[in-house]
Amino acid sequence: MTDDAIVVIKEIALSTLAPRSPQTTTSTPSAIPVGLQHYLHQLDSLHHSGLPRMRDAFSENEHLYMIIDYIDGKTLEEYCQPEAGRLAQTGSRPLPVEEVLDIGIQLCSLLSYLHQQSPAITVKELHPSTLLRSANGHISFIGLYTSASLQAQTRQQSSPAHTKQRGYYAPELSRPSHVQNSATIQSDIYSLGVLLHQLYTGYDPNESPYNFAPLRTLHNPALEALDHLIQCMVQIKCEQRPRSIHEVEYALCQIQRGYAIAHAEIIEALAPYEAALDTPQLTIVKDSTSTKQWNRLQKQRSEIADSFMLINKEREER
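When we follow this note's numbering, the leftmost residue of the sequence shown carries the number 1290, and every step to the right adds one.
Hints are computed from structural coordinates only; laboratory data are not their basis. One or more hints might be untrue.
[What the hints assert, rightly or not] Below, a list of computed lysine-lysine pairs in the DSS-like style, where the Cα atoms sit at most 25 Å apart:
#1 Lys1363 - Lys1453
#2 Lys1299 - Lys1526
#3 Lys1526 - Lys1453
#4 Lys1363 - Lys1299
Kindly generate the complete structure, drawing on both the sequences and the hints.
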């Protein structure tokens, strides 16, 4: 660690992490539980741009201390707060589709990396409060270092159904038969689908878990594809979701490309109309035929612009 490195020191009482048993006579253990030691060792080996690096971890005075790189940014929860001065609304501020796609692709890269570890790491805590956004739009995931993730390693994690972030957990994690610490790749895919839906619509999944209204697409093929993908990701039955995060990433990249092409085509279609508007009307309208052409250009321009902007307008009025 260089002298000018900025780090965060996270402190957690080991008594909140160690498994309790009837034979335990003390309420505060003096050492890091074995399961948690393995997890910390695995975290120490991770190197990905979407993860703040854990530089060290140790126990002292019945507390666990983790030294983690500091990330300068806001959580997505803070970043998506409704703008000041606007009417009160439930949920969060919807993001432009371009930004939603970019965040989704960044998270797919991270999840793919974690799922390839041995054993595979499933994140469990994927929601706006565990994601940091830097000023340049880079996303970092801090959920691996939360108390909930650490507790899961010693099977002390409370049922997702009773947490304030229950809306982000896959349905199978809240069933009575669910074994703690048994999240899967499919449950991570579900959480990512919930997050993408919230980022685009502003809808808070904790208000009514497992209910996701279709996106307003206005017959935009790229947005229709995004809606279809999200609806597949949040299926109640895990076998009906995408099989891997690679499938999700590929689909998001294709949607991003399609949306960019559609956007470019609209801009190109508007170009001659903009040029016409820049020309004084008196020099264009020379006869009745020119007048009709001019009116048609104005109408077509208006229709294209309106259809392109209506989605953002409706979302802002939520």
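Inset, instruction - Check each numbered hint against the structure and report the violated ones by number, ascending. - result: Hint 2 is the one this structure does not satisfy, whereas the remaining hints hold.
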